[in-house]
Amino acid sequence: MASQRRQMMQSHQSWTDDLPLCQMCGVGTAPNCTYGPDGKDTQSHPNEDGHFRFRGEEGCFLYGVFNGFDGSRVSSFVSQCLTAELLLGQLKSTHTDSDVRRILSQAFDVVEKSYFETIGDALAEKATIISQLPEGVSFHQLSPQSQKLSERLKDLEQEVSGGATAVVALIHNNKLYIANVGTNRALLCKSTSDGQNQVIQIGRPHTTENEDELQRLAGLGLDVSGLRQAALIAGQSSTRRIGDYRVKYNYTDIDLLSAAKNKPIIAEPEIQASQSLEGVTGFLLLMSEGLIKALESAHGPEQANQEMVAMVAAELAQQGSLEAVAQSVVERVKRLHHDVYASGHMTLLIRTLNYTLADGALTPTQGRWGETHPHRVGGGSDAPTQGRWGVTRPHRVGGEWGRDAPTQGRWGRDAPTESRNTPRLRWIVFISPLFNQANQLRTNCYLQ
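In terms of the working numbering, the numbers along the sequence shown are unbroken and rise by one, the last being 448.
Mixed in with the good hints there might be a few duds.
Claimed, not checked - Below, a list of computed lysine to any residue pairs in the SDA-like style, where the Cα atoms sit at most 20 Å apart:
hint: 1; residue 1: K293; residue 2: N250
hint: 2; residue 1: K334; residue 2: Q303
hint: 3; residue 1: K154; residue 2: S237
hint: 4; residue 1: K248; residue 2: D121
hint: 5; residue 1: K263; residue 2: N250
hint: 6; residue 1: K248; residue 2: K261
hint: 7; residue 1: K126; residue 2: K92
hint: 8; residue 1: K126; residue 2: N250
hint: 9; residue 1: K148; residue 2: N173
hint: 10; residue 1: K334; residue 2: A298
hint: 11; residue 1: K113; residue 2: L277
hint: 12; residue 1: K126; residue 2: E85
hint: 13; residue 1: K175; residue 2: E270
hint: 14; residue 1: K263; residue 2: R246
hint: 15; residue 1: K248; residue 2: L214
hint: 16; residue 1: K113; residue 2: E85
hint: 17; residue 1: K126; residue 2: D70
hint: 18; residue 1: K175; residue 2: S237
hint: 19; residue 1: K175; residue 2: K334
hint: 20; residue 1: K113; residue 2: D70
hint: 21; residue 1: K175; residue 2: N250
hint: 22; residue 1: K334; residue 2: E296
hint: 23; residue 1: K261; residue 2: E278
hint: 24; residue 1: K248; residue 2: P134
hint: 25; residue 1: K92; residue 2: K154
hint: 26; residue 1: K261; residue 2: K293
hint: 27; residue 1: K261; residue 2: L277
As the list claims (entries may be wrong) - For each label pair, taking beta carbons as the anchor points, the in silico distance ranges come out as:
hint: 28; residue 1: E296; residue 2: Q145; range: 48 to 54 Å
hint: 29; residue 1: A324; residue 2: N250; range: 41 to 47 Å
hint: 30; residue 1: D18; residue 2: V224; range: 53 to 59 Å
hint: 31; residue 1: R228; residue 2: S276; range: 36 to 42 Å
hint: 32; residue 1: Q106; residue 2: G300; range: 35 to 41 Å
Source of the hints: derived by calculation from the structure; they are not laboratory data. Since the model is a prediction, treat every value here as computed from it, not as a measurement. Every residue, glycine too, gets a C-beta built ideally from N, C-alpha and C.
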């Protein structure tokens with residue numbers, strides 16, 4: 001069975017090699033780096049991230065960013081097989097939102113089960129060797145034959161270890177669906193008819209800081225306070241991940257998870273309600289965990305999204321290709337993170353939405369003294385649309401806020417101080433009401 005699955009994986013890989021890539025997308029990557037006192041960087045282990053960006057039939061597009069750990073085996077497998085589970089005619093134009101969400105969820109389930117079948121032989125051999133080795137005996141005290149078995153056990157452990165987190169974006173019937181497993185991130189950046197540029201984080205990371213995840217784990221009988229304090233579960237921060245057989249099948253041997261009544265670490269994606277892309281101008285960002293952590297270490301968690309969008313907008317105004325935009329942004333983040341002497345694998349995927357590099361939409365328009373006047377999409381006045389210059393008034397999106405959010409003060413008071421010649425870009429940033437019933441408003445801010 002495992003050999004059949006390997007053959008299936010190879011056939012999926014050859015099939016996806018023939019799929020057309022989306023030309024409205026660019027990807028930037030950087031390997032993990034460790035910086036020495038002299039400033040030189042070295043790659044500590046091979047890149048474990050993965051991604052895809054395919055154009056299917058009938059206006060269907062599929063994108064994904066995968067963050068692997070303990071090797072790239074799982075992220076590679078998922079990036080190959082998930083595409084085959086979604087772009088081989090499974091999605092029809094007649095499908096409803098609930099149909100699409102069901103197909104997305106099933107695809108993740110099938111892919112993880114397929115992965116575990118590919119390592120089934122190795123797991124069986126591993127169990128056999130463990131039963132043959134004496135307990136409590138050091139390697140040097142083993143017989144030559146047992147030492148060989150012990151070495152083989154190490155190889156098998158490496159072969160079957162590892163997992164991945166994933167964020168997948170599907171555009172179907174001109175609607176955007178985001179499926180998330182773990183700690184990657186999706187940002188939807190769009191311009192509204194009144195000239196506002198909005199940044200929506202779709203979904204939340206699956207960690208022990210996520211109250212919904214803690215409630216799910218508590219329902220399985222786990223100690224929430226212990227999980228909060230530990231932060232990491234079997235070496236990873238994610239409470240949802242693909243693969244990682246240790247926490248899926250041996251969780252009773254892990255102190256934090258041993259009391260669970262069922263598998264606590266799951267690969268079930270959280271799929272947000274679809275967002276219509278009709279008339280939307282902007283871009284979609286998919287970011288790997290390493291990129292997010294690098295940004296947060298440099299700017300703080302509350303500013304990471306804003307800083308990322310500002311960098312992308314600045315590069316869109318300067319670069320001639322989306323590939324160059326994405327790579328330039330990743331390199332900028334890498335330089336920002338240099339001071340902490342280490343960085344993880346970083347992947348950024350940018351998908352434009354009714355946006356061309358040539359028209360300058362959503363990019364800063366230089367005014368006098370380097371001031372930026374946001375443009376209305378498709379034309380409009382150069383003057384600010386928010387009332388008095390430097391005063392940004394939040395808009396309700398996706399339902400009523402209940403009351404108007406606080407209005408920022410004048411330029412130079414509540415906003416960061418900037419030099420006179422520095423371009424500025426205005427964004428409204430808010431938590432998506434798709435996953436936060438309170439529609440929590442983050443902050444209106446000026447970005448450099």
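Hints and how they fare:
Among the hinted pairs, K293 with N250 is inconsistent with the structure: their alpha-carbon atoms are about 29 Å apart, more than 20 Å. Simply put, K334 and Q303 have alpha-carbon atoms about 17 Å apart, close enough for the 20 Å limit, and the pair holds. Among the hinted pairs, K154 with S237 is inconsistent with the structure: their alpha-carbon atoms are about 25 Å apart, more than 20 Å. About 17 Å separates the Cα atoms of K248 and D121, which keeps this hinted pair within 20 Å; it holds.
Among the hinted pairs, K263 with N250 is consistent with the structure: their alpha-carbon atoms are about 9 Å apart, no more than 20 Å. Using a Cα cut-off of 20 Å, the hinted pair K248 and K261 holds, with the two alpha carbons roughly 12 Å apart. Between K126 and K92, the direct Cα distance comes to roughly 43 Å. Violation of the 20 Å bound is thereby established for this hinted pair. With a C-alpha separation of about 14 Å, the suggested pairing of K126 with N250 holds against the 20 Å cut-off.
The hinted pair formed by K148 and N173 fails the criterion: a straight-line CA distance of about 57 Å is larger than 20 Å. Note on K334 and A298: the hinted pairing holds, with a Cα-Cα distance of about 10 Å set against a maximum of 20 Å. For a cut-off of 20 Å, the pair hint linking K113 to L277 is broken: about 33 Å separates their Cα positions. A hinted pair counts as satisfied when its Cα atoms are at most 20 Å apart, and K126 with E85 does not qualify at roughly 30 Å.
Taken as a hint, the K175 and E270 pair is honoured in the structure, with Cα atoms around 17 Å apart against an allowance of 20 Å. For the given pair, K263 sits about 11 Å from R246 by alpha-carbon distance, which is consistent with the 20 Å threshold. As the CA atoms of K248 and L214 are separated by approximately 17 Å, the hinted pair is consistent with the 20 Å bound. For the hint pairing K113 with E85, the CA-to-CA distance comes to about 13 Å; that is within 20 Å, so the pair holds.
With a C-alpha separation of about 18 Å, the suggested pairing of K126 with D70 holds against the 20 Å cut-off. Distance hint between K175 and S237 is unfulfilled; the C-alpha atoms sit about 31 Å from each other, more than 20 Å. At roughly 33 Å between alpha-carbon atoms, K175 and K334 are farther apart than 20 Å, so this suggested pair is violated. Between the alpha carbons of K113 and D70 the distance comes to roughly 19 Å, so the proposed pair stays at or under 20 Å and holds.
At most 20 Å may separate the alpha-carbon atoms for a hinted pair to count; K175 and N250 exceed this at roughly 39 Å. At roughly 12 Å between alpha-carbon atoms, K334 and E296 fall within 20 Å of each other, so this suggested pair holds. Using a Cα cut-off of 20 Å, the hinted pair K261 and E278 is violated, with the two alpha carbons roughly 44 Å apart. Our distance criterion of 20 Å between C-alpha atoms is broken by K248 and P134, whose separation comes to about 26 Å.
Taken as a hint, the K92 and K154 pair is broken in the structure, with Cα atoms around 46 Å apart against an allowance of 20 Å. For the proposed pair K261 and K293, the alpha carbon gap of about 32 Å is over 20 Å, so the pair is violated. A threshold of 20 Å between alpha carbons decides the hint, and for K261 with L277 the separation of about 41 Å lies outside it, so the pair is violated. Distance hint check: the CB atoms of E296 and Q145 are about 50 Å apart, consistent with the given range 48 to 54 Å.
In this structure, A324 and N250 meet the distance hint of 41 to 47 Å, their C-beta atoms being roughly 45 Å apart. In this structure the supplied range 53 to 59 Å is violated for D18 paired with V224, their Cβ-Cβ distance being about 48 Å. R228 and S276 have their C-beta atoms about 37 Å apart, which keeps the hinted 36 to 42 Å range intact. Evaluation of the 35 to 41 Å hint for Q106 and G300 yields a pass: the beta carbon distance comes to about 38 Å.
Consistency with the previously given hints fails for numbers 1, 3, 7, 9, 11, 12, 18, 19, 21, 23, 24, 25, 26, 27, 30, ordered from lowest to highest.
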